[in-house]
Amino acid sequence: MRSFDIPLEVVDTNSRRMAEAVMHELATRLRALVEREEPHSIDLRSLPLDPAAKDWLREQLGQGEVEANLDSIGSSKVYETGFSGIWWVSHSDPEERVVAEFIEVCWIPDILQSQREDVKHSLHTLENSINVAERGDEL
Amino acid sequence: MTTSFEQGINTLKKVIDAPIASYFSSCTSCGLCAQGCVFYTEIGDARYTPIHRLEPMRRIWEQEYTVLGRLKKLVGLSKAVTQQELQDHVELVFESCTTCGRCSMMCPVGNDIVYMIRKMREGMTAAGLAPKELKVAATKTLEKGSVMGFPMDTLEAMVRAAEKETGIKINIDEPNVDYLLLLSSAEVMQFNEIIGALAQIFEQAGVTWTLSSTAHEAGNPGMHMGASDIEAEMINRIVAAAEELNIKRVISPECGHAYMAIRWEGPNVIGRPYPFKVYHIIEVLDRLRAEGRLKTTGCEDERLTFHDPCQAARRGGVNEPQRNLLNMVTCNFVEMKDTQACNWCCGGGGGVSSIESTEPLRKKIFHRKRRQIEELDVTTVVTMCATCRNTLEEGIEDNGMEVEVLGLTEVVANHLLKEKEA
Amino acid sequence: MNEIELLNWARGPGLTYATIFMVFGLTLRVIEILAMGRDKELAEVRASGVANGWRMILKRSIPEPRNWKYITAAYIWHIGLLIVVFFFIPHTQLFRDVFGWWFGGVPSFIIDFFTVLSIAALLYTLVQRFTDPARRILSRMSDYLAWLVTFLPFVTGYMAFHRLGTDYTLMLALHILSVELLMVALPISKLSHAVTFFMARYYTGSSFGRRGIQA
Amino acid sequence: MTSEKPVLADELQRRGISRRSFLKFCSSIASAMAMSPAMASEMAEKLAYTRRQSVIWLSFQECTGCTESITRAHKPSLESLIFDFVSLDYHHTLQAASGDAAEHAREMAMHDNGGEYLLIVDGSIPLKDGGVYSTIAGITNLEMLKQVAADAAAIVSVGTCAAYGGLPRADPNPTGAVAVSDIISDKPIINIPGCPPMPVVMTGVLAHVLTFGIPELDSLGRPKAFFGDSIHDRCYRRPFYDRGQFAKSFDDEGARKGWCLYELGCKGPTTHNACATLKWNNGTSFPIQSGHGCIGCSEPDFWDAGGFYKALSTGADNPGQWAGNAMLAGVAGGAAAAYLNRGKKKQASDAVEPVTIDDMRGK
Numbered sequence: 767m768r769s770f771d772i773p774l775e776v777v778d779t780n781s782r783r784m785a786e787a788v789m790h791e792l793a794t795r796l797r798a799l800v801e802r803e804e805p806h807s808i809d810l811r812s813l814p815l816d817p818a819a820k821d822w823l824r825e826q827l828g829q830g831e832v833e834a835n836l837d838s839i840g841s842s843k844v845y846e847t848g849f850s851g852i853w854w855v856s857h858s859d860p861e862e863r864v865v866a867e868f869i870e871v872c873w874i875p876d877i878l879q880s881q882r883e884d885v886k887h888s889l890h891t892l893e894n895s896i897n898v899a900e901r902g903d904e905l
Numbered sequence: 016m017t018t019s020f021e022q023g024i025n026t027l028k029k030v031i032d033a034p035i036a037s038y039f040s041s042c043t044s045c046g047l048c049a050q051g052c053v054f055y056t057e058i059g060d061a062r063y064t065p066i067h068r069l070e071p072m073r074r075i076w077e078q079e080y081t082v083l084g085r086l087k088k089l090v091g092l093s094k095a096v097t098q099q100e101l102q103d104h105v106e107l108v109f110e111s112c113t114t115c116g117r118c119s120m121m122c123p124v125g126n127d128i129v130y131m132i133r134k135m136r137e138g139m140t141a142a143g144l145a146p147k148e149l150k151v152a153a154t155k156t157l158e159k160g161s162v163m164g165f166p167m168d169t170l171e172a173m174v175r176a177a178e179k180e181t182g183i184k185i186n187i188d189e190p191n192v193d194y195l196l197l198l199s200s201a202e203v204m205q206f207n208e209i210i211g212a213l214a215q216i217f218e219q220a221g222v223t224w225t226l227s228s229t230a231h232e233a234g235n236p237g238m239h240m241g242a243s244d245i246e247a248e249m250i251n252r253i254v255a256a257a258e259e260l261n262i263k264r265v266i267s268p269e270c271g272h273a274y275m276a277i278r279w280e281g282p283n284v285i286g287r288p289y290p291f292k293v294y295h296i297i298e299v300l301d302r303l304r305a306e307g308r309l310k311t312t313g314c315e316d317e318r319l320t321f322h323d324p325c326q327a328a329r330r331g332g333v334n335e336p337q338r339n340l341l342n343m344v345t346c347n348f349v350e351m352k353d354t355q356a357c358n359w360c361c362g363g364g365g366g367v368s369s370i371e372s373t374e375p376l377r378k379k380i381f382h383r384k385r386r387q388i389e390e391l392d393v394t395t396v397v398t399m400c401a402t403c404r405n406t407l408e409e410g411i412e413d414n415g416m417e418v419e420v421l422g423l424t425e426v427v428a429n430h431l432l433k434e435k436e437a
Numbered sequence: 031m032n033e034i035e036l037l038n039w040a041r042g043p044g045l046t047y048a049t050i051f052m053v054f055g056l057t058l059r060v061i062e063i064l065a066m067g068r069d070k071e072l073a074e075v076r077a078s079g080v081a082n083g084w085r086m087i088l089k090r091s092i093p094e095p096r097n098w099k100y101i102t103a104a105y106i107w108h109i110g111l112l113i114v115v116f117f118f119i120p121h122t123q124l125f126r127d128v129f130g131w132w133f134g135g136v137p138s139f140i141i142d143f144f145t146v147l148s149i150a151a152l153l154y155t156l157v158q159r160f161t162d163p164a165r166r167i168l169s170r171m172s173d174y175l176a177w178l179v180t181f182l183p184f185v186t187g188y189m190a191f192h193r194l195g196t197d198y199t200l201m202l203a204l205h206i207l208s209v210e211l212l213m214v215a216l217p218i219s220k221l222s223h224a225v226t227f228f229m230a231r232y233y234t235g236s237s238f239g240r241r242g243i244q245a
Numbered sequence: 217m218t219s220e221k222p223v224l225a226d227e228l229q230r231r232g233i234s235r236r237s238f239l240k241f242c243s244s245i246a247s248a249m250a251m252s253p254a255m256a257s258e259m260a261e262k263l264a265y266t267r268r269q270s271v272i273w274l275s276f277q278e279c280t281g282c283t284e285s286i287t288r289a290h291k292p293s294l295e296s297l298i299f300d301f302v303s304l305d306y307h308h309t310l311q312a313a314s315g316d317a318a319e320h321a322r323e324m325a326m327h328d329n330g331g332e333y334l335l336i337v338d339g340s341i342p343l344k345d346g347g348v349y350s351t352i353a354g355i356t357n358l359e360m361l362k363q364v365a366a367d368a369a370a371i372v373s374v375g376t377c378a379a380y381g382g383l384p385r386a387d388p389n390p391t392g393a394v395a396v397s398d399i400i401s402d403k404p405i406i407n408i409p410g411c412p413p414m415p416v417v418m419t420g421v422l423a424h425v426l427t428f429g430i431p432e433l434d435s436l437g438r439p440k441a442f443f444g445d446s447i448h449d450r451c452y453r454r455p456f457y458d459r460g461q462f463a464k465s466f467d468d469e470g471a472r473k474g475w476c477l478y479e480l481g482c483k484g485p486t487t488h489n490a491c492a493t494l495k496w497n498n499g500t501s502f503p504i505q506s507g508h509g510c511i512g513c514s515e516p517d518f519w520d521a522g523g524f525y526k527a528l529s530t531g532a533d534n535p536g537q538w539a540g541n542a543m544l545a546g547v548a549g550g551a552a553a554a555y556l557n558r559g560k561k562k563q564a565s566d567a568v569e570p571v572t573i574d575d576m577r578g579k
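Residue numbers (the working numbering), protein chains in the order written: chain A, 767 to 905; chain B, 16 to 437; chain C, 31 to 245; chain D, 217 to 579.
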């Protein structure tokens with residue numbers, strides 16, 4: 767018998783209850799976002815959810831209109847769930863293993879936003895390349 | 016010897032044996048023995064907790080016979096038993112304990128507490144602390160041959176009277192007969208109709224028997240007191256008489272402590288087995304019944320109950336014979352709620368009834384017996400111990416109850432099938 | 031010394047010392063008692079005392095209903111103690127390790143039930159020790175200490191199992207230490223009745239048996 | 217000196233690591249440390265404006281497993297980014313320089329960053345016989361530790377050997393090995409025990425030290441973020457424990473079904489580490505998941521806890537082996553006590569005179 771033949775799933779009723787609690791929390795947080803502009807993020811690793819409970823949660827939330835893939839030292843996948851304002855964010859490392867997973871309640875997840883420093887750097891690069899092109903034209 | 020505190024302590028050291036060591040080792044101070052004790056339950060004084068009565072003995076055991084106790088004594092953690100302490104325990108060991116042994120039935124770890132009380136009395140007596148009434152009774156028995164101090168002439172006169180009444184010859188010092196009958200002083204003085212009754216029963220059953228002029232007293236104050244030497248001397252007289260008359264069976268009369276002394280303690284205090292067997296009179300009658308030699312007629316139709324004497328029933332193991340006989344001669348016999356091994360003491364045993372100062376205590380504890388009798392709504396209580404009978408009669412009178420007390424032998428005799436009728 | 035070192039000590043040398051002390055002490059006590067001897071029975075016996083001696087060992091374990099007020103709590107925690115000590119699965123591991131064989135365990139929720147019950151019963155017996163006059167007059171300091179060393183393993187065990195109080199490692203160490211305290215107390219206190227009661231009952235039972243008393 | 221160094225943000229940009237990647241790194245670190253997700257951007261902000269931290273890494277009585285653990289990833293992992301954030305000025309296994317040049321690099325770093333450098337230690341320090349059992353460049357470990365620690369800002373003890381003495385300290389401890397904390401008491405010490413420690417823990421702690429300072433530690437000097445829970449508390453097999461379903465051997469039905477390994481000696485209940493949640497080999501698995509109980513490697517004295525395959529509830533030693541002798545001694549003691557008791561009893565019995573009628577009559 768190989769070690770990966772050992773089943774990993776344990777039916778744990780506590781885990782399912784935890785997933786149900788997450789649904790309630792999301793409702794509260796979504797209200798806070800609408801009424802008070804308060805974003806929130808739930809770290810899924812900090813919750814004792816077994817794979818079955820996580821799947822259940824994923825199923826409940828569904829998939830919405832937006833889906834984005836990042837390529838930044840490993841991939842990241844971000845999609846809006848069936849509930850607008852609730853996002854599922856999962857980060858993988860270069861070996862495609864999930865290293866962090868969040869459910870974010872926000873208008874748009876930070877990680878999708880262009881970062882000011884990156885933009886500044888881009889601007890610099892862009893201007894440089896224009897200058898180089900122009901100089902090239904002059905030549 | 017000259018009794019002294021030292022003699023007492025040495026005696027206590029002497030009597031501690033493996034059972035006692037195991038008992039003290041096992042006691043968890045749970046206090047359940049108190050629930051068995053009639054003195055504790057009726058009077059409610061915590062000092063009457065049976066195992067508490069043995070505290071000096073426990074300390075001697077611990078200090079002398081356990082490694083830990085020796086150490087504790089060495090470093091002064093454990094105080095030696097004092098004379099005053101023993102003195103204070105006279106009340107608990109003699110005056111408020113009838114050695115009925117009911118506590119021994121309650122103990123969850125199985126301690127035979129009253130076995131220890133008996134041994135403790137041994138030490139107390141060696142320390143010169145035995146109650147004076149018991150000492151007087153012992154003196155009378157040793158000197159006159161009977162607990163109450165009446166001479167043989169008195170008994171002989173009663174025997175002759177019984178002969179006249181029944182027309183049956185009663186032997187004294189007759190050798191080679193089936194049985195040597197012992198009597199207790201209480202029977203001779205108060206319930207002497209027993210002699211005639213037995214003569215009739217034995218006559219009918221075809222049993223030969225005799226009394227002894229040198230050993231007629233079954234009672235043994237030596238046992239109550241815990242003076243084994245004195246107890247042995249009285250036993251030896253009986254053994255000598257039985258041997259001299261070449262009798263193989265000795266009958267202990269309707270007296271609980273006598274049965275305990277002669278049947279169970281006797282061989283052990285004299286240090287050798289008997290050349291004869293000992294029976295309680297009720298055992299003899301029951302055997303005759305079983306053999307069909309005891310023929311009775313009719314039955315007592317009064318509603319009656321039976322009081323099991325502690326030393327014969329709970330401590331002596333005579334439980335069935337009395338019931339067989341009762342079923343033979345009574346038709347309205349009801350058992351007490353607590354009976355046989357768990358019967359409540361009448362309050363007079365263990366020498367307590369002979370100690371004058373205990374009268375108020377006895378009056379208090381009799382209420383247990385009163386309730387036991389009253390809840391049965393009987394008119395008669397039958398028993399098979401002269402001391403119980405006395406105590407019951409006294410208590411019943413004190414409480415103005417309308418209940419009659421009878422000895423079982425007498426009840427059987429009353430229903431004996433007469434020759435003519437046969 | 032930190033928690034894990036304390037636990038290692040408790041599981042290692044501590045347990046060994048406690049076991050040695052307990053076995054040595056109890057053996058000594060048993061020999062000490064047996065060697066006191068008892069006189070040979072010279073009266074003609076009705077029956078051999080042996081059978082009734084053994085019968086008494088079992089028979090006195092049966093509760094006497096008339097005393098229910100005084101014995102119920104004690105029975106509960108004694109039974110609880112037996113179940114918890116000998117049938118809690120981690121405990122069965124210990125016994126299996128020591129003896130090479132042991133019974134199966136029972137599910138933890140049953141152990142939990144008996145632990146709570148036993149703790150409550152023990153508390154009640156303490157109340158009784160203060161309130162019942164007979165028990166109070168008999169109680170010496172050693173009786174209260176014996177109660178305490180019996181009580182502690184239940185409480186520490188419960189707390190360790192439920193991750194209550196302090197860190198589990200420390201709680202487990204305290205639990206094992208409290209049991210070791212109990213083991214040390216066994217031969218030097220009235221707790222030795224756990225072993226000597228066999229003798230007490232046997233002696234009484236055999237002497238009763240000889241006289242034909244069945245009780 | 218340090219102020220002349222560029223801030224991390226510029227370094228990263230120079231290496232082509234986007235700010236977004238950096239944010240992602242911080243998110244995963246914050247998550248691993250069970251910090252609130254909101255802290256991730258704060259950490260990113262702070263980290264971006266720190267300068268590369270000078271680190272001196274001393275290896276004493278060790279097996280290099282700790283270094284292996286942290287550097288073993290085949291591809292550059294997210295966690296290995298941390299090495300871009302620090303300046304590893306001395307590490308005698310990893311550095312290119314050797315001999316005097318290496319020692320010189322250490323002295324330079326100490327000189328240039330006095331009071332600010334971070335000291336990382338792996339391995340225990342032998343004290344016996346003047347510490348001769350382990351020396352570097354002729355300097356005993358004890359000596360070197362004291363020297364380097366004197367001007368360090370903080371010390372990180374990596375691995376169980378440095379944190380608690382580990383294998384070298386196991387009974388009978390022939391070299392007199394001790395932990396860093398047994399020698400240094402005037403500097404903050406963070407213990408990252410484990411044999412070896414988890415790479416992500418190392419990364420997380422360094423990131424925390426660089427941004428928020430020294431993390432909250434437990435009584436054994438371990439960051440609570442990683443060592444706050446026991447393996448057992450976070451074990452996915454925990455429900456089997458609660459239900460009393462235990463594997464009895466490594467090849468029985470229970471083992472195949474993935475039941476609890478308690479009876480097979482798992483030390484999960486008393487072991488504090490993050491294996492059950494963060495897992496090893498980039499999150500692949502951890503010992504219990506692959507069918508072996510936890511051996512408790514992140515706890516002090518784990519080698520001396522009675523064997524990896526003895527259940528936690530059993531004696532570490534075998535208490536039963538002494539029972540026979542204890543009983544014999546008890547018999548001997550009992551016999552001696554009995555002899556004394558019998559003598560005493562006989563003496564008392566001999567002193568007792570019979571009670572006679574004269575005693576009854578009184579004087």
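Worth flagging that the hints you see were computed from the coordinates, not collected in a lab.
Honestly, I wouldn't trust all of these hints.
[Said to hold, decoys possible] Straight-line distance between alpha carbons at most 30 Å, and here's what the computed DSSO-like set of lysine-lysine pairs gives:
#1 Lys352/B - Lys379/B
#2 Lys562/D - Lys843/A
#3 Lys820/A - Lys473/D
[Said to hold, decoys possible] Okay, the calculated beta carbon distance ranges per label pair:
#4 Gln563/D - Glu208/B: 48 to 54 Å
#5 Met31/C - Ser812/A: 29 to 35 Å
#6 Asn541/D - Lys263/B: 53 to 59 Å
#7 Ala366/D - Gly830/A: 54 to 60 Å
#8 Asp300/D - Asn835/A: 20 to 26 Å
#9 Thr309/D - Ala224/C: 40 to 46 Å
#10 Arg96/C - Asp574/D: 51 to 57 Å
#11 Thr351/D - Val864/A: 54 to 60 Å
#12 Lys403/D - Arg863/A: 34 to 40 Å
#13 Gly830/A - Ala317/D: 39 to 45 Å
#14 Asn541/D - Ser91/C: 31 to 37 Å
[As the list claims (entries may be wrong)] One-sided and incomplete, this derived list gives chain A residues near chain D with beta-carbon spacing under 7 Å:
#15 Pro773
#16 Arg811
#17 Val865
#18 His890
Ideal placement from N, C-alpha and C gives every residue a C-beta, glycine not left out.
Quick rundown of the hints versus the structure:
1. Lys352/B - Lys379/B: Holds. Lysine 352/B to lysine 379/B sits at ~20 Å (cutoff 30 Å).
2. Lys562/D - Lys843/A: Since the Cα atoms of lysine 562/D and lysine 843/A sit roughly 94 Å apart, the hinted pair is violated (cutoff 30 Å).
3. Lys820/A - Lys473/D: holds, 22 Å
4. Gln563/D - Glu208/B: 48 to 54 Å: Given about 53 Å between the Cβ atoms, the range holds.
5. Met31/C - Ser812/A: 29 to 35 Å: Because 33 Å falls inside the window, the suggested range holds.
6. Asn541/D - Lys263/B: 53 to 59 Å: holds, 56 Å
7. Ala366/D - Gly830/A: 54 to 60 Å: Given a distance of about 59 Å, which is inside 54 to 60 Å, the answer is holds.
8. Asp300/D - Asn835/A: 20 to 26 Å: holds, 25 Å
9. Thr309/D - Ala224/C: 40 to 46 Å: Given about 60 Å between the Cβ atoms, the range is violated.
10. Arg96/C - Asp574/D: 51 to 57 Å: violated, 47 Å
11. Thr351/D - Val864/A: 54 to 60 Å: violated, 45 Å
12. Lys403/D - Arg863/A: 34 to 40 Å: Once the Cβ atoms are compared, 36 Å apart, the range 34 to 40 Å for arginine 863/A and lysine 403/D holds.
13. Gly830/A - Ala317/D: 39 to 45 Å: Between glycine 830/A and alanine 317/D, where Cβ atoms are some 60 Å apart, the hint is violated.
14. Asn541/D - Ser91/C: 31 to 37 Å: holds, 32 Å
15. Pro773: holds, 5 Å
16. Arg811: Cβ of arginine 811/A sits 5 Å from chain D, so the hint holds.
17. Val865: holds, 4 Å
18. His890: violated, 10 Å
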